[in-house]
Amino acid sequence: MSAGRIACLLVPDLPWVALVRAHPELAGRPLAVAGGAGPRADAVALSPEAARRGVRLPCTVAQARAACSALEVRVASPSLEEAARCALLDAALSASPRAERAAPLAGLRAGEAAVFLDASGIGRCFGSEAGFASALAARAHRVGLPAIAAVAGSRSVARIAARRQLAGWLARPPGEPGPAEVVPAGGDAAFLAPLPLELLDPPDALAEALGRFGIRRVGELLRLPRRALVARLGGDAARLVALALGEGQEPPPPASPEARLEEAADLELGVDRLEPLLFVLQALLSRLAARLACRGLACPELELQLRLAGGGRDARRVGIAAPTLDVRVLLRLAALSLEARPPSAEVEAVAVACEGRPLRGDQLDFFRPAGPAPALLSRTLAELEALCGPGRVGAPVVVDTHRPDAFALAPFAPPRAAAGAVRESAPPYAPARTVRALRPPVAARVELRGGRPAALRSAVASGRILQLAGPWRTSGNWWSEAERFAFEHYDVVTGDGTAARLRFDPLRRCWEIDAIYD
Amino acid sequence: MTDMAPTPLGGARDPRLAALLRDLGARVRQGAAPEAPASRCPTGLTAVDRLLGGGFPRGGVSEIAGPPSSGRTSLVLELLARATERGEVAAVVDVADAFDPPSAAAAGVDLARLLWVRPPDVPAALRGTSHLLTAGGFAAVVLDLAGLGRRAELGARLWPRLRRETAATATALVILGDQRVARGFADLALDLAPAVPHFEGAFFAALESEVLLVRDRRGSEPRRAPLRWPAEKADAA
Chain A
1 MSAGRIACLL VPDLPWVALV RAHPELAGRP LAVAGGAGPR ADAVALSPEA
51 ARRGVRLPCT VAQARAACSA LEVRVASPSL EEAARCALLD AALSASPRAE
101 RAAPLAGLRA GEAAVFLDAS GIGRCFGSEA GFASALAARA HRVGLPAIAA
151 VAGSRSVARI AARRQLAGWL ARPPGEPGPA EVVPAGGDAA FLAPLPLELL
201 DPPDALAEAL GRFGIRRVGE LLRLPRRALV ARLGGDAARL VALALGEGQE
251 PPPPASPEAR LEEAADLELG VDRLEPLLFV LQALLSRLAA RLACRGLACP
301 ELELQLRLAG GGRDARRVGI AAPTLDVRVL LRLAALSLEA RPPSAEVEAV
351 AVACEGRPLR GDQLDFFRPA GPAPALLSRT LAELEALCGP GRVGAPVVVD
401 THRPDAFALA PFAPPRAAAG AVRESAPPYA PARTVRALRP PVAARVELRG
451 GRPAALRSAV ASGRILQLAG PWRTSGNWWS EAERFAFEHY DVVTGDGTAA
501 RLRFDPLRRC WEIDAIYD
Chain B
1001 MTDMAPTPLG GARDPRLAAL LRDLGARVRQ GAAPEAPASR CPTGLTAVDR
1051 LLGGGFPRGG VSEIAGPPSS GRTSLVLELL ARATERGEVA AVVDVADAFD
1101 PPSAAAAGVD LARLLWVRPP DVPAALRGTS HLLTAGGFAA VVLDLAGLGR
1151 RAELGARLWP RLRRETAATA TALVILGDQR VARGFADLAL DLAPAVPHFE
1201 GAFFAALESE VLLVRDRRGS EPRRAPLRWP AEKADAA
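If you're matching them up, the sequences are chains A and B in order. For the first sequence, the numbering used here begins at 1 and goes up steadily by one. For the second sequence, the numbering used here begins at 1001 and goes up steadily by one.
Incorrect hints may have been included.
To list a few chain B residues with every Cβ distance to chain A over 10 angstroms, as calculated [as the list claims (entries may be wrong)]: (1) Glu-1153; (2) Arg-1157; (3) Pro-1160.
For each label pair, taking beta carbons as the anchor points, the in silico distance ranges come out as [to be verified]: (4) A/Ser-128 - B/Ala-1167: 43 to 53 angstroms; (5) A/Ser-344 - B/Ala-1167: 47 to 57 angstroms; (6) B/Glu-1200 - A/Gly-451: 21 to 31 angstroms; (7) A/Arg-452 - B/Glu-1208: 23 to 33 angstroms; (8) B/Phe-1199 - A/Arg-317: 44 to 54 angstroms; (9) B/Arg-1161 - A/Ala-413: 24 to 34 angstroms; (10) B/Ala-1167 - A/Asp-400: 40 to 50 angstroms; (11) B/Glu-1200 - A/Thr-401: 24 to 34 angstroms; (12) A/Cys-510 - B/Gly-1201: 24 to 34 angstroms.
Some, not all, of what chain B presents toward chain A, calculated at C-beta under 8 angstroms [to be verified]: (13) Glu-1088; (14) Ala-1098; (15) Phe-1099; (16) Pro-1102; (17) Trp-1116; (18) Ala-1124; (19) Arg-1164; (20) Phe-1199.
Think of the hints as simulated: they come from the structure by calculation, not from any bench. The beta carbon of each residue, even a glycine, is placed where N, CA and C say it ideally should be.
All chains, full assembly: derive it from the sequences and hints.
Quick look at the structure:
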């Protein structure tokens, strides 16, 4: 006999939970989630407060408002619900590598979202199966989902055990994780026997027929001869009996979760100013960071997608110096990008996504020079980039080109060095021709004598040219109209004591100083 | 029964304490240990390192001030070259965006171990420097404020904090500028005199200058040392 254990992580009313996850200010209010706009739309989910005030499903929005005058109504958001389902799976995968989403249900259970996990032997990692179930509920809570966790011998029994906790879930204080239940190994039958049949979700006709026979409990159903029951009531009865016997004992397969995580939000009113947009972004980034943290990942690059009024789209990538989970840093970088290139129209929806990358770990060594701690360095690089702007923090790189002002920046990732190592290529003499670059080059007015510079006037060096060397001619990229260059360089010493690198650009016919020898 | 509890040692004249110190030898001293000499970040230039008592102080703030073409940048690149040569990492906070990678590579700086930070203004540069000091692990952080004129004096109220943050690290914070800006918050200050460029034929070949040690918390008297580029380096340690 299989000794497998299955856990179920269940969210009873996903449309409402997803909405409150994105808008925490709605928690505790009487709220109905509608399937569409208008008073005739069906209400698909209710908040516990709305249920306490007498609203019952199924009903329309108009009927719900009639039952509760203080009711607020919001339209269901498929993007928020999908993000919530993904977050539920992330929470499950943080506890077990074998997890999969349950197939969606219809009817009154259409708002229920569930994930099944392989819980075989997991109790040893968490002290007990009860500890595992509590930890699972807590992890779901950290990603914004007050889910119910249950462990049993099969998927159907685990799901039923979770549903049994609905009353406790509704009654829990706001901000608390959902409840947890464990059906002891080998105790599925005893657990199910006293339970009402409706927990198995029988079709209405079958439930009515069984009710006429006085069968209202699962134990009563299982005492009936199976063959005769199926012959009398059909295939639905066979499926119901299979559920009651514990259907779905096979553990979920190992999951291959997508590395790309996304959080999205539709805005009720279009936003055309930066501050309210950043407010929405901060909430999205917080949820994204919570899911990344759940999976032990960090954000190396942020994708920002804005849906604009009029059907337009604004998609942009925000680079980050080092993977980070710091929401403050991510928000600052996103704000810099939006300030530099504002959206062209009102923003109607926002989505943030990233391909999570494991946080960099490193083991330091007693015998090598200790550098910055990797985790601290990653955070510092991200903060520096937020301070200076994208593309302004990194390790300098000498570019293989004749262009004198070319440079590049690479991600700062210092290599390890062996203790005591001295680079063989280090020159024995400190060179004289060290320069301070002038970016951009400073314009100069040059007086020529005999075709050579004799005096110059500029913001960095002025006066008679006392010493002169050159010209050295360089040119390149002649095949590209936009990138071709040509310079005639001179080393000059002016009367004010400055040694400078002067250049003439024959393409633009102008004199500039592009560096100071220092 | 004899009381086995140890009798606490008496004061400095307790003969048992004297006997204990005698037995342990020179490794143990009574009283507070003498202040360990601050470790230094050498430049590799013999004359400069002798002037500085071994190099720029780690955990201290140093200033290098001088006019353009006085050799300030060359001196700082030598500091960075020696630090990265030892396998350590260093950083340059470059407000004027004047750092030249080819010059640094020619001076021997291991560019893969150098972090180049290009802030938009002086207050951002000071905050970025604070972030680097807080992160720790950098042998040297160079705050380049040269060529900014009076803008270099912005954020002067942050110097006490930077000094405190530097003191808590093993990082040598070196401020480069046209004038000294950290004033009393610097542990060491160097002034570079205007250099004399030398041409050999058609080539700019050398730069001669002089460095003056104007301030040193060790109490050293002001002293001078000649500087000439190209400069012969001391052998690697």
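So, going through the hints one by one against the coordinates:
Interface exclusion of B/Glu-1153 from chain A stands, the closest Cβ pair being 19 angstroms apart, more than 10 angstroms. No Cβ of chain A approaches the Cβ of B/Arg-1157 within 10 angstroms, the least distance being about 18 angstroms, so the stated non-interface status holds. Residue placement check: B/Pro-1160 keeps its beta carbon more than 10 angstroms from all beta carbons of chain A (closest about 21 angstroms). Distance hint check: the CB atoms of A/Ser-128 and B/Ala-1167 are about 50 angstroms apart, consistent with the given range 43 to 53 angstroms.
Look at A/Ser-344 against B/Ala-1167: about 50 angstroms separates their beta carbons, and that is inside 47 to 57 angstroms. For B/Glu-1200 and A/Gly-451, the Cβ-Cβ distance of about 23 angstroms falls inside the hinted range of 21 to 31 angstroms, so the restraint holds. The hinted range of 23 to 33 angstroms is satisfied by A/Arg-452 and B/Glu-1208, whose Cβ atoms lie roughly 25 angstroms apart. One distance hint, 44 to 54 angstroms for the beta-carbon pair B/Phe-1199 and A/Arg-317, holds here, with the actual separation near 50 angstroms.
Roughly 29 angstroms separates the CB atoms of B/Arg-1161 and A/Ala-413, a value that falls within the hinted 24 to 34 angstroms. For B/Ala-1167 paired with A/Asp-400, a C-beta distance near 42 angstroms keeps the hint of 40 to 50 angstroms intact. Restraint check, B/Glu-1200 to A/Thr-401: a C-beta distance of roughly 28 angstroms satisfies the suggested window 24 to 34 angstroms. Take A/Cys-510 and B/Gly-1201: their Cβ atoms lie about 29 angstroms apart, and the range 24 to 34 angstroms holds.
Here the hint on B/Glu-1088 is kept, as its CB sits about 5 angstroms from the closest CB of chain A, short of 8 angstroms. Annotation: B/Ala-1098 was flagged as interfacial toward chain A, and the flag holds, the nearest CB pair being 4 angstroms apart, inside 8 angstroms. Annotation: interface hint on B/Phe-1099 holds; nearest CB of chain A at approximately 7 angstroms, less than 8 angstroms. Of the supplied interface hints, the one on B/Pro-1102 holds, with its beta-carbon coming within about 5 angstroms of a beta-carbon of chain A, less than 8 angstroms.
The beta carbon of B/Trp-1116 is positioned within 8 angstroms of a beta carbon in chain A (closest approach about 5 angstroms), and the interface hint is therefore held. Given hint, B/Ala-1124 at the interface with chain A, holds; its Cβ is 5 angstroms from that chain's nearest Cβ, closer than 8 angstroms. The beta carbon of B/Arg-1164 comes no nearer than 18 angstroms to any beta carbon in chain A, farther than 8 angstroms, and the hint placing it at the interface is violated. At about 5 angstroms, the closest approach between the beta carbon of B/Phe-1199 and any beta carbon in chain A falls short of 8 angstroms, and the interface hint on this residue holds.
Hint 19 alone, counting from the list given before, is not met by this structure.
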